[in-house]
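Protein chains in written order, with my numbering: chain A, 1 to 690; chain B, 1001 to 1554.
No wet-lab data here; the hints were simulated from the structure.
Any given hint might turn out to be false.
With the Cβ distance kept under 7 angstroms, some of the chain A side facing chain B (calculated, not the full set) [said to hold, decoys possible]: (1) G92; (2) G424; (3) A591.
When the alpha-carbon atoms are kept at most 20 angstroms apart in a straight line, the in silico DMTMM-like pairs for lysine to aspartate or glutamate are as follows [stated by the list, open to error]: (4) K474/A - D494/A; (5) K134/A - D1508/B; (6) K134/A - D1427/B; (7) K1200/B - D447/A.
This structure is a prediction, so every number in the text was calculated from the model and none was measured.
C-beta: ideal position from N, C-alpha, C; glycine also.
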Amino acid sequence: MSGKTIRVATDVGGTFTDLVCFETDHATGEARIVTAKSDTTPPNFEQGVLNVLEKGGVDPKSIDFLAHGTTVVINALTERKGVKVGLITTEGFRDSIEIARGNRPDFFNLHYVKPEPFVPRYLRREVGGRLSYKGEEMRPLDLSALPAIVADFKADGVQAVAVSFLHSYADPSHEERTLAELKRLWPEVATVASHQITREWREYERTNTAVLSAYVQPTAERYLTRLKDGVTGKGFAGSLYIMQSNCGVDTLDSVSKIPITMVESGPASGFWGAAELGKLIGEKNVLALDIGGTTAKCSLIENGQVKIMTDYWIERNQTSAGYPIMVPVVDLVEIGNGGGSIAWVDNFSKLHVGPQSAGAMPGPAAYGRGGTKATTTDANLWLGRINRDYFCGGDVIADMKATETALTELGEKLGTSADDVARGIVRIANNNMVNALKLVSLNRGHDPRDFTLVAFGGGGAMHAVALGQELGVKKVVIPAGASVFSAWGMMMSDLRRDYFVTKLADLKTGAGAVIEGLFAETEALALKQFGAESIGADKVKFLRYGKFRYQNQEHTTEVLVGSDISDAKLAEIEAAFHETYEREYTYRLKAPVELVGIHVVASAEVGKLTMQEKPKSATPASAAVKGTRKVDYALEGIHDATIYDGTKLEPGMAFSGPAVIEDPGTTVVIHPGNRVEIDGFGNIHIHIKA
Amino acid sequence: MTEVSHDPITLEIIQNSLQATADEMFAAMRKTAMSSIIYEVLDMGTGILDAEGELASSGAGIPGFIGVLDKSVKVLVKKFDKPGDIEPGDVFITNDPYYGGVTHLNDLVVAMPVFADGKLIAWTANIAHNSDVGGKSPGSLSADATEIFQEGLRLPAIKMISKGEPIPGIFDIIMVNSRMPDFIEGDLWAAIASVRIGAKRLVELATKYGIATFETAMRDFMNFGEQVSLKALADLPHGTFEMTEEQDDGRFFNVKVTISDTEFTVDLRDNPDQDNGPFNAGHDDTLVSTQVIFKALTSPHSPANGGSFRPLKLLTKEGTLFHAKEPAAVGFYYEVGIRVYDLIWRCLAPHMPEKLPAGHFASIAGTFIGGIHPDTGRQYTIIEPQIGGWGAAFGRDGNSAIFSGVHGETYNCPAEISEARNGLTIDRLELCTDPGGEGEFTGGRGIRLDYRIRRDNSFLTLGYTRSRIAPWSIAGGHEGSQNYALVMRKDGTSERFAFGSGIRVDKDDVIRIITGAGGGVGDPKKRDPEKVRDDVRNGYLTAERAATVYGVTI
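All chains, please: the whole structure from these sequences, using the hints.
Written as structure tokens, this is what we have:
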């Protein structure tokens, strides 16, 4: 041992590949942090990873723990760059992915166009055999048609096959036998069966999930293999983990089998980071907000736990039904409001912000790359919230003329000044984000006053205080390194797997043993899977959730339940359900309660980072002051704000707003009356009322 | 802040919050409802109304419920007009179309007045289809009802909660009149929770911005709705357009639509007398159906509120089936409504081809199946609208298997859930490839859905239109195909239905639902041969019909 542990997170995005490296000295506990950025290199993404390691001066040989996040799956889906998939279903149900659920979200639009299925009808085939909802065999599986199906699929150039049968969540044996026979007939084809991804009911959602997983499987597998070969080729001998949508990391082998679980790994690592940060600073209830260039995403963390759900859809919005992916994904709300969101005036003189974004090209008008439309970033610049002489950390010279022209153009349509337009843009953008934050908090029965707002991403810190004031949160925290916070979150992640299983059980005598049996069976499966990766049972921690509802309802409420469930504990579980339900929905019923399924979280620590708190510095905050400038706080007027250099802030420093903190990646806007403190980890705590 | 603000950004922020509140009410109700018709089919709507009952904002799963709540609240405001009649914490209910209920007795409208500083500033309200409200048949709809009395319990715009306390007896009356008392209780509480959450949010808004500003924002929002509609009217062809269309039962329906810069007038006075059966709609409901197609034509993507509908005028004659008189039965009002909607659409389609596709399967195809669950022994009732084919448009084929024009963000029930919940087996749910809808651009396909009954003495009730007269086509395309159900007995006999109630079905009988293809657009001979070959490869079309209808040899 070198006396050091080196942990690295790499994150492959559409434009850049990011690196964060923590080198922890065992003796002192001191961590040296390196960050680097290089271009993403499609289609040889591993090259970008190797480049960024080199750029950051990190020798792959020295890395103990390497976490990796990637947008490869979501990109393959949204750009339709997967492979040709064949689908095999239960007789009578091959059209399931085309029929979908029949909904028309854009319901007044007579020209609504239904999303096209990922597998055309001629590649959707049926086999005989049928299970009941209890998992009992009604008709035996009939695979006599399989050789002909395989022959047709081969002739048609199919590269991956998805299998999805009715009620396979209750008994996967028909799917398992079909997979085995497929592998025998056609060993080289990529295959996936729906039960391997989820054990929950709803045939359209489960089938579509299997189809999309098959669609990206060869691409993702190739990507992961090349990544592994690339880093091991440079001498990496540590552990390689892949970021997942459920806020955990998983092993490369496991992810290669079901790559669809990576689909929302980007936001997941940030939200996990917010949960871990909350634990570090003693704030277990966190509203997490990630503002990027195009969108803002938010999620609620209660008592240190992120909420993981399987109700995830891509491309679903007010004008499209989208496609479901039934995998564990952190519960988040995303809206089309980011720094690059374009402000526009409709035919009725109403000002709107987003969801169209100026993106990186041409970007906000102030980038001077030919953008003529005012964005949220332009408004922030115009109001002095962003430093026009330190734009993008000093990398870009702000084209204030272009910003002025863009704002004035909107002002003419509205009959008002550029100043008022800029204030209007910021207020509307804030209002959009407040509504999103309410969706994850107030709308689910949580009082924002019990929560700390943790804001990150490029634009989080700019708007966080205004949002926090509007919501009335306890305080606002901007993490140290807010712009690379997602990568930090990845390094704080556990090896985590979420298991969802549908099973109906009335909460009455005898149910205790049934429920305990279901949990025990699922936990045994988890231990087996962890064991296969040399992680012993003693390392694995479980959290057990029951999904309950009043009899006849559909939607369930998740309740944390303990171990060793027996009939004696049912009353306690039922009481916990009533309480959770009433908090969320304002009333409770006398109706019987039933279990609809379980959710087991299995996690094991795999060498995550331990943070070391630094002592308070004796240096006064005035040492970090860069100067002052006029900042327009919209509703709170124009003030002379003190400007702080974020790179010079040290633990223990404290000051009050109006102020702005600038560092190369982030601008923190502090409103008048706010009180700011820097903690021992370098995080910025903003108390809304002084 | 107490002064009135006319700052447009503040008004806009309040308006956004009204929309967010209507959506939140919708989400709350959906999540807590007991009946799948509410939480899955989303046969429900929520709304925020001003103190007089004008619609300010709506959250809805289906367009057919957007314009209902204002009519209900206006009746409440008129009926409870004395001091002390309406107080903070009160909750009202109505379900009777002759007392502001608009639709039929199954739809319970729940409304709550919102007070700030002691002043009535708004109402929150919702409507949802309840599984059973009594009456002569299970599920309360019966094809042979002749009076509304046979269709369930009538709640003629009454108070059910006074100052936060349920009025003794009201819940008891409602529950004892239902065959599914637990469901109606659960669904009603979901509705109450929803109006309460909405009221709480509105009070917060009014407190924060001031009552006067809040009220200004609501008024301004409705004026905005009106401006959007007027602008759209200016862009539509002006004139009077007329259409007479034969119905499945041989009657003829007539509509005259007159469009000018400022008005869109729908004249339905020349139509048959009201029906002796339940195939009637009240005036208010006919107005709602008219509003749905009006909104689709004028501004499908802007918010719908009271102002949006100001330019719309409806003329009806009392005593006709579009303006039924008490005590006419109205159980199947929704099939009357969709006929009005489709008639106006068809009437205008030739005059605005870029705005209007060919006819769709155009029936709610409401299907009610019930009995005793063979595994749990509990009563179950399926209440489902069906999905079907939509018409082609110039330049594209129609959608397959989506809900009708008066349904919207409605979800069908997964077979896996239906089998568990209802104790029957779904043998198949697939696209129906029967002929129909051929054209240069083809109509979308309907479905073939087989329910296999698992226990004797179950029942089927249904009421479909477009069961004889097929969906209409445009410019030489072929008509679509019909909606109907087959009851296929285990002895091999089979019977076709469009309307019927309490049809007995037994173990191993199969109820097959067929919904129609949408109408085609253009001569099939002009269809791109490559697309015809794709259709054959995908099994949507036989090689034989490719040759005879499209002239393409495979």
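Each hint tested on the structure:
The interface hint given for G92/A is met, as the beta carbon of that residue sits about 3 angstroms from the closest beta carbon of chain B, less than 7 angstroms. For the restraint placing G424/A at the interface with chain B, the shortest Cβ-Cβ distance is roughly 5 angstroms, inside the 7 angstroms limit, so the hint holds. The interface hint given for A591/A is met, as the beta carbon of that residue sits about 6 angstroms from the closest beta carbon of chain B, less than 7 angstroms. The hinted pair formed by K474/A and D494/A fails the criterion: a straight-line CA distance of about 28 angstroms is larger than 20 angstroms.
The suggested pairing of K134/A with D1508/B holds, with an alpha-carbon distance near 19 angstroms, which does not exceed 20 angstroms. Restraint check for K134/A and D1427/B: satisfied, since their Cα atoms lie roughly 16 angstroms apart, inside the 20 angstroms limit. Between K1200/B and D447/A the CA atoms are separated by roughly 13 angstroms; this keeps the pair inside 20 angstroms, and the hint holds.
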